[in-house]
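Keeping their order, the protein sequence lines are chains A and B. Residue numbering for the first sequence follows our numbering, starting at 268 and increasing by one per position. Residue numbering for the second sequence follows our numbering, starting at 268 and increasing by one per position.
A hint or two may mislead.
No copy is singled out in the list; a pair is fine if it fits within one copy or between any two copies.
[Unchecked claim] Dumping the calculated SDA-like pairs for lysine to any residue here, alpha-carbon to alpha-carbon at most 25 Å:
1) Lys345 to Ser668
2) Lys753 to Glu711
3) Lys598 to Leu745
4) Lys526 to Leu766
5) Lys274 to Lys765
6) Lys356 to Tyr312
7) Lys301 to Pro504
8) Lys526 to Tyr415
No lab work stands behind these hints, which were simulated from the structure alone.
Protein chains: 2
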Amino acid sequence: MDLFYEKKQEALKIELKEIEYLKYTLNTLLYWDKLIYMPKGAIGYRSEIIQFLSKDIYNRFSSPKFLKLQEYFEKSPKKNEVIEATLKKIKNNSNFVQKIPLKEYEDYMNLITLSEDIWKKAKVENSFDEFSLCLEKIVAHFKNFTKYWGYKKTPYDALLRYYDIDINCDELDILIEDLKKFIIPLVKEIEKNSRDSIAKDFSGEYDFNKQMELSKYILSITGFDFTYGRVDLGEHPTTLAASPKDVRVVTSFDKNDLKVGIYNTFHEAGKGLYEQGISENLLGTLLAEVSSQVLEESQARFYENIVGRDKNISSLILKKIKELFPQLKDKEDIDFYRLVNEVKPSPIRIEADELTYILHIIIRYEIEKDLLEGRLDVKDLPELWNKKYKEYLGVVPKSFSEGVLQDIHWASGYFGFFPVYLIAELYSHQLKKTLEKECNISSENIDVENLKKINIWLRDNIYCHGALYSSKEILKRLTGENLSSKYYIEYLKSKYYKLYNIK
Amino acid sequence: MDLFYEKKQEALKIELKEIEYLKYTLNTLLYWDKLIYMPKGAIGYRSEIIQFLSKDIYNRFSSPKFLKLQEYFEKSPKKNEVIEATLKKIKNNSNFVQKIPLKEYEDYMNLITLSEDIWKKAKVENSFDEFSLCLEKIVAHFKNFTKYWGYKKTPYDALLRYYDIDINCDELDILIEDLKKFIIPLVKEIEKNSRDSIAKDFSGEYDFNKQMELSKYILSITGFDFTYGRVDLGEHPTTLAASPKDVRVVTSFDKNDLKVGIYNTFHEAGKGLYEQGISENLLGTLLAEVSSQVLEESQARFYENIVGRDKNISSLILKKIKELFPQLKDKEDIDFYRLVNEVKPSPIRIEADELTYILHIIIRYEIEKDLLEGRLDVKDLPELWNKKYKEYLGVVPKSFSEGVLQDIHWASGYFGFFPVYLIAELYSHQLKKTLEKECNISSENIDVENLKKINIWLRDNIYCHGALYSSKEILKRLTGENLSSKYYIEYLKSKYYKLYNIK
Chain A
268 MDLFYEKKQE ALKIELKEIE YLKYTLNTLL YWDKLIYMPK GAIGYRSEII QFLSKDIYNR
328 FSSPKFLKLQ EYFEKSPKKN EVIEATLKKI KNNSNFVQKI PLKEYEDYMN LITLSEDIWK
388 KAKVENSFDE FSLCLEKIVA HFKNFTKYWG YKKTPYDALL RYYDIDINCD ELDILIEDLK
448 KFIIPLVKEI EKNSRDSIAK DFSGEYDFNK QMELSKYILS ITGFDFTYGR VDLGEHPTTL
508 AASPKDVRVV TSFDKNDLKV GIYNTFHEAG KGLYEQGISE NLLGTLLAEV SSQVLEESQA
568 RFYENIVGRD KNISSLILKK IKELFPQLKD KEDIDFYRLV NEVKPSPIRI EADELTYILH
628 IIIRYEIEKD LLEGRLDVKD LPELWNKKYK EYLGVVPKSF SEGVLQDIHW ASGYFGFFPV
688 YLIAELYSHQ LKKTLEKECN ISSENIDVEN LKKINIWLRD NIYCHGALYS SKEILKRLTG
748 ENLSSKYYIE YLKSKYYKLY NIK
Chain B
268 MDLFYEKKQE ALKIELKEIE YLKYTLNTLL YWDKLIYMPK GAIGYRSEII QFLSKDIYNR
328 FSSPKFLKLQ EYFEKSPKKN EVIEATLKKI KNNSNFVQKI PLKEYEDYMN LITLSEDIWK
388 KAKVENSFDE FSLCLEKIVA HFKNFTKYWG YKKTPYDALL RYYDIDINCD ELDILIEDLK
448 KFIIPLVKEI EKNSRDSIAK DFSGEYDFNK QMELSKYILS ITGFDFTYGR VDLGEHPTTL
508 AASPKDVRVV TSFDKNDLKV GIYNTFHEAG KGLYEQGISE NLLGTLLAEV SSQVLEESQA
568 RFYENIVGRD KNISSLILKK IKELFPQLKD KEDIDFYRLV NEVKPSPIRI EADELTYILH
628 IIIRYEIEKD LLEGRLDVKD LPELWNKKYK EYLGVVPKSF SEGVLQDIHW ASGYFGFFPV
688 YLIAELYSHQ LKKTLEKECN ISSENIDVEN LKKINIWLRD NIYCHGALYS SKEILKRLTG
748 ENLSSKYYIE YLKSKYYKLY NIK
């Protein structure tokens with residue numbers, strides 16, 4: 268044993284542990300509290316605290332002591348895979364921002380602060396003009412950023428790397444072509460065959476306390492451990508971890524539509540299980556977090572769609588619903604299964620069903636790419652947007668607000684983020700294939716016992732590793748393959764052909 | 268203007284602001300969250316974070332940069348009263364602990380960690396022996412501590428200074444003699460005249476959600492501002508501030524007895540109003556906090572007893588109770604007023620009524636003094652305890668658990684703390700005298716409008732100053748007098764003579 272090396276390792280661990288204490292306090296307690304329980308008037312002082320802790324974390328990463336340790340390990344030939352992953356993480360955290368000239372980054376940050384408010388106003392007033400000026404500037408910034416970051420073929424490749432999406436545009440485009448070729452005609456076919464809306468049957472008034480009981484039931488059966496986590500009601504669903512032992516799910520409900528709360532909760536359950544499954548041993552390495560947003564989102568979509576909209580599971584949920592809401596006691600399992608799997612093209616992404624959702628993402632990706640590569644001007648965006656909605660989904664937004672202004676993403680600087688949702692979907696289905704084989708589970712036999720098996724498999728094969736391996740490494744190791752659209756298309760085919768009597 | 272001085276002042280403010288950010292995060296968000304919402308299993312990692320932030324605060328106070336600034340201002344002839352008060356606060360914070368040899372302090376801290384658990388077990392098992400060994404050690408430590416801290420006449424004087432009680436034992440003993448001379452015979456007189464218990468009339472089952480509505484009503488009428496604060500249900504009532512703009516009241520209820528929740532809430536309302544009234548301008552000076560525990564407790568007792576048990580206010584509360592709990596709709600104002608002012612000697616301090624409460628405190632003070640001055644051995648404590656209860660209150664505890672083991676204070680190291688409660692009571696009545704005169708309010712006319720006036724007066728004359736002035740300075744300035752037992756005794760006389768038909 269090299270005592271000197273051991274000592275350095277110990278020193279690095281102490282530095283990182285302290286950074287993590289601050290990070291968990293900041294990202295979760297201060298932020299979670301702000302979301303859920305903070306009195307409104309406290310926002311000013313809270314913002315000061317948040318700014319201070321962020322600066323403190325930044326300063327710790329750039330302290331001479333820390334930089335020296337970092338340098339030592341970068342040069343050391345005997346570092347293990349954990350240290351390698353930690354070093355990579357440290358570099359990634361700072362690399363993207365550091366490559367942007369400070370002045371330009373500050374301009375961008377100021378722009379983003381303003382543009383969220385401008386977007387909110389624009390959406391309410393259904394007016395594109397003022398926001399379009401913002402968006403032009405945001406696109407211009409991202410054009411520059413991608414230059415600073417570097418890319419081989421298209422600037423969008425740099426964006427994919429920035430969001431930790433480990434494929435390039437050429438690969439992504441092939442996947443998207445496959446999906447479009449299958450999904451667009453399928454949606455049209457279903458539209459032809461579709462019966463009247465079946466959603467009406469379940470509308471009513473649903474007490475939030477009882478909806479919360481339903482959410483707790485859903486979290487419990489997926490394996491979420493309330494000894495190490497909790498669920499609260501918030502304005503938007505999200506999941507925040509104050510360590511793998513303190514995971515806070517936030518869900519949100521609709522008074523008249525139970526589906527909203529149910530699938531928000533299944534979605535966040537996936538994230539919550541991931542966070543709870545991360546090995547505590549990774550604390551002190553910066554790796555006690557999800558591997559990437561893609562992989563986190565894949566788990567959210569796995570639980571939301573593959574588990575939550577499964578036939579057996581939807582029957583289980585309906586049984587609980589009937590206990591909580593006796594007015595629904597006459598509903599049949601098949602009606603509920605149809606309700607939660609109904610295909611119904613809508614201009615609004617967040618209201619989309621499982622099948623059409625991906626088309627919303629593809630439209631945004633194609634538009635972002637056009638904007639970034641200079642083929643599209645922001646002023647012509649609404650026209651192209653509506654054209655694509657007509658073409659892919661057969662619907663046309665009636666206003667800017669339900670069209671091009673519907674999402675906050677661009678206003679918040681999440682330009683180029685949408686592919687995360689699409690790739691996550693493919694991940695979830697490809698990983699499922701291995702899971703089904705190794706656990707001897709199929710969609711015919713998902714019950715509470717098998718949900719336990721599923722959670723254990725995901726934990727032992729994915730979650731426990733935290734950010735030690737990249738999503739791509741995990742996929743490759745578990746499936747032996749690169750990312751493919753095959754499994755997702757197979758799933759859609761088998762499910763929707765049956766559901767809508769398509770031959 | 269001296270630019271150099273200004274610059275130093277700015278530098279000190281930045282240091283102190285950062286310390287405050289950490290302190291508010293630590294004392295309130297991490298701790299409040301731990302009390303109310305933290306999942307049980309998170310305790311281990313949370314403790315690490317708390318330890319880390321405590322150490323960080325300690326390190327900031329003892330950094331060379333900070334010590335240099337401190338030295339500069341100590342020597343500067345032109346410092347203003349704010350800087351003077353800040354310097355005093357910094358010194359006080361560290362002085363007491365620094366005077367204890369590190370090894371001994373660590374031994375003491377280890378002992379305290381153990382003794383709370385031993386006390387809990389002892390109380391459950393009604394066994395004094397094991398805990399008595401702990402208490403002997405704790406008393407021995409405090410004997411040493413008071414030597415290190417120094418005192419003129421009795422070691423208890425050092426304890427009074429430690430808890431920021433700004434009178435000495437000689438003065439305290441005179442106040443206590445007056446109180447005993449008046450209260451002990453009054454309690455006996457009341458016992459003779461007292462009717463049957465009237466508490467039974469109001470017993471029932473009271474839903475916690477509705478009790479919470481009642482608490483919110485109470486907080487609202489006292490002037491607590493929910494834009495800058497909130498109330499939650501906890502195991503024990505307390506109030507924690509994450510800045511004067513973010514004040515968190517925690518109350519607790521009894522399922523069968525509304526009084527418990529009502530007076531817990533009035534008590535905490537006093538603390539909450541104090542915290543909310545502190546001037547924001549004091550942030551960055553360490554003075555944006557209550558002047559002392561005595562003054563804070565005086566406000567708690569002011570709202571609990573003088574406001575909350577007032578005749579008009581109790582009618583107002585009963586009106587609200589009837590709205591929330593229609594089963595009580597036939598109750599008369601006078602019954603409720605009698606209920607909440609009933610004198611009923613009990614061996615348990617926290618169940619005590621307003622009048623007998625002080626006797627519980629006096630017993631503890633006298634026993635602590637005997638222990639510290641070596642006149643009493645811990646092994647003889649239960650005997651003396653019971654003897655004093657018989658003599659002062661006419662009741663004898665049936666067990667150690669409802670006698671000498673009832674309070675956690677000694678086990679937690681709050682040895683010598685009890686006088687805070689007594690002195691706070693005297694403060695509240697003496698300050699009330701000035702308030703009544705200046706606001707033209709008497710106990711005959713307290714209504715919602717006058718509660719507003721009261722809050723404004725307290726805010727402008729006491730709360731806004733935070734810890735800029737000592738409690739004693741505030742008392743002197745507002746009343747022109749030193750602490751006296753006169754006003755409290757006057758109040759008790761006028762209230763209880765009438766209530767129990769004593770001539």
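Evaluated hints:
{"no.": "1", "hint": "Lys345 to Ser668", "verdict": "neither (56 Å within a copy, 61 Å between copies)"}
{"no.": "2", "hint": "Lys753 to Glu711", "verdict": "within (20 Å within a copy, 82 Å between copies)"}
{"no.": "3", "hint": "Lys598 to Leu745", "verdict": "neither (40 Å within a copy, 71 Å between copies)"}
{"no.": "4", "hint": "Lys526 to Leu766", "verdict": "within (19 Å within a copy, 60 Å between copies)"}
{"no.": "5", "hint": "Lys274 to Lys765", "verdict": "neither (62 Å within a copy, 76 Å between copies)"}
{"no.": "6", "hint": "Lys356 to Tyr312", "verdict": "between (31 Å within a copy, 22 Å between copies)"}
{"no.": "7", "hint": "Lys301 to Pro504", "verdict": "both (14 Å within a copy, 23 Å between copies)"}
{"no.": "8", "hint": "Lys526 to Tyr415", "verdict": "neither (44 Å within a copy, 67 Å between copies)"}
Of the numbered hints listed earlier, those contradicted by the structure are 1, 3, 5 and 8.
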